[in-house]
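All chains, please: the whole structure from these sequences, using the hints.
Which chain is which? The protein sequence lines are A and B, in order.
For the first sequence, the tail end lands on 187 under the working numbering, and the numbers increase by one without skipping.
For the second sequence, the tail end lands on 1254 under the working numbering, and the numbers increase by one without skipping.
You can trust all of the hints, since none of them are fake.
Straight-line distance between alpha carbons at most 20 Å, and here's what the computed SDA-like set of lysine to any residue pairs gives:
1. B:LYS1251 <-> A:ASN90
2. B:LYS1062 <-> A:GLY145
3. B:LYS1061 <-> A:GLY145
4. A:LYS99 <-> B:LYS1248
5. B:LYS1075 <-> A:LEU139
6. B:LYS1241 <-> A:ASN96
Rather than coming from a laboratory, the hints here were simulated on the basis of the structure.
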Amino acid sequence: MKKRILSARWAVLPLLLLLTACDPYRTNPRPQPEPSPKEVEGYAPVYASPEDAAKITATDVRPIEKGGKIYVKGNMLYQVEVGKGIHVINISDGANPQKVKFIHVTGAQEMSIMDNYLYTNHMNDLVVLNIADINNVQLVDRVSGMFHLVDPSLPPDSGWFECIDASKGVVVGWELKTLYKPVCRKN
Amino acid sequence: MKSLKYIALILLAAFAVSCDKANQTASPTAAGFDNNGGTGQGGSLARFTIAQKHLYVVDDKKLHVYSLANASSPKLTSTQPIGEDIETIYSYKDKLFIGSQNSMYIYSISDAGHPDKLGEASHVRACDPVVADDTVAYVTVRGGNNCGGTTNAMYVYDVKNLLNPSQRNVITMDSPWGLGMAGNRLFVCQGSNGLAIYDISNRYYPSLKQRLYDDTYYDVIPYNGMLICMVQGGMLLYELKSDGQILKLAKISG
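Right, here's the structure in full:
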């Protein structure tokens, strides 16, 4: 009889341990008591490899995948590829827009232009790119860590979000999408 | 710099008021490959804006100001807390309109390096880009899980008294995102519920003229006789015809 009680206790202990070990919210905010919605608009992480995250350069055009904010100056139209860079498109013929280049800037979310200089965010650094020659974009200045634009652990707004999966790389941004039964929530 | 921006605004206004003339003078080629001077234009969802040779950046709580006196080497001139859940910044003349999840803030940039708070208008908790001119500010508030609240509407504020913006109208919407104004037209993106086009001859009482359902619309920039829309998966370009018609030009995606 005594032996049976003991073994029951021993069975409970690893179970408890297992429960805490598998707590999926330990690295993320605890969810609210309210149940996870079946379908909701929310943020999902955008990932990059650490090597990729460091470089800033003009590369060949690429498909728009997670099209972000837009900017126009003269005949050139720009669209942020959320967390990855900036598409450069010539719209001198509006009926036949032509992609010109893709500027690789990890963490990019925002941009603005004055004269020949494009200002954008490389994660939380303000970077200045000389775009006088769009084929040879040059990084000319950097103001480090001044603002809080990209949080690699939490999305920009409160609400449900897709939990981070570290095996996919470093988080370089967040994109809005439809989430199905999200688990993580920022309060 | 300042005068360049005024000229751009005047051109824009002139275009919208008298599309005929503007279309002849402000054809896309007239703008040219203008990489040599001035600034361009961003959407209403932007957190970066350039005015008075300064770059204004809002993150979730603060406004950071960089002098672009030397454009290749920005210098931080000030940082100040604005509020919580800041989302957008819009500049008009010597003013900044900053949208947060529960307020619209108005700042003076007469002293460009050191913005000075003038007024504030609170509203229900929601996501809220702003566009404005001398008399009016339009704020769209979109409810939902991420934005808080359930209200979907456009608030119309009288901003003639910048110290005390007063609410003049509220227009119920389906799911308003970004918006843009040009002359007497106001374009409001409503996600999958289309792009709503309002006549704003009477600034405080916009009247719905047309609604486009070509795509899922998130933000819009009226520019040089074109309407540039941020849509699902890319961008959509329209030509704003002289007779008020809107002609779909191309979709940029993939």
